[in-house]
Amino acid sequence: EAAVTQSPRSKVAVTGGKVTLSCHQTNNHDYMYWYRQDTGHGLRLIHYSYVADSTEKGDIPDGYKASRPSQENFSLILELASLSQTAVYFCASSQGADERLFFGHGTKLSVL
Amino acid sequence: QQNVQQSPESLIVPEGARTSLNCTFSDSASQYFWWYRQHSGKAPKALMSIFSNGEKEEGRFTIHLNKASLHFSLHIRDSQPSDSALYLCAVSMGNYAQGLTFGLGTRVSVFP
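Just so you know, the protein sequences line up as chains A and B, in that order. Per our numbering, residue 60 is the first one in the first sequence, and the count goes up by one each step. Per our numbering, residue 214 is the first one in the second sequence, and the count goes up by one each step.
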């Protein structure tokens, strides 16, 4: 089964601080995604990438940056963390735009 | 922007019963239709997908798609306690520019 690993598993951050969430996949997939999951909002797409060194905005990109330095790695950066960014963040990869997503185990972020 | 709605919000069914979940979408140009399952505290995992009108069966799971009605559904035959989870439907426009849009989910509880 395809493998997507996220780090850290959980993080507590202070308001205004910088947070970096990392994702690594060993699937040789071109597509990678960052979603956030909140109660009442389901899974929402933040950023995605279909090739190294290029990222695209998803549905809720404000307050987030993304970086794809290689095919295997995709990071999500919160430059100035805010309370509203408390959520569970999932990274995913897929072989193509119409293929199934393989999700990592998620990162629980709490901003205080 | 794509709007994906799921019903019901939650469902309690006895073991062995049939479970039916619904999903509606707003964009008639949608191409791929997915069901994901997420056990508590775990990552979402793809169950199955369909891209043409009709029915598709895989084991105890069946998807029905009616593009004209902007509706698809998931049916679980002989529901088991291990089927207790959050079920997420997702819709894709078929190109990387849109990604997957998820519904809020239906929480299913199967009691023995």
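Hints listed in this document are in silico derivations from the structure and should not be mistaken for laboratory results. Incorrect hints may appear among the rest.
FRET-style restraints, in silico, Cβ to Cβ [stated by the list, open to error]: (1) A/G155 with B/E228: 17 to 25 angstroms; (2) A/G122 with B/G267: 35 to 43 angstroms; (3) B/R231 with A/I136: 16 to 24 angstroms; (4) A/D97 with B/N235: 16 to 24 angstroms; (5) A/D118 with B/P221: 38 to 46 angstroms; (6) A/E131 with B/N279: 36 to 44 angstroms; (7) B/R273 with A/S126: 17 to 25 angstroms.
Computed from a predicted structure; not experimentally measured. Note that CB positions come from ideal geometry on N, CA and C, so glycine has one too.
Against the structure, the hints:
1. A/G155 with B/E228: 17 to 25 angstroms: violated (37 angstroms)
2. A/G122 with B/G267: 35 to 43 angstroms: Holds, at about 42 angstroms.
3. B/R231 with A/I136: 16 to 24 angstroms: Given range 16 to 24 angstroms: violated, Cβ gap about 46 angstroms.
4. A/D97 with B/N235: 16 to 24 angstroms: holds (22 angstroms)
5. A/D118 with B/P221: 38 to 46 angstroms: violated (25 angstroms)
6. A/E131 with B/N279: 36 to 44 angstroms: holds (40 angstroms)
7. B/R273 with A/S126: 17 to 25 angstroms: violated (41 angstroms)
Consistency note: the structure conflicts with the earlier hints numbered 1, 3, 5 and 7.
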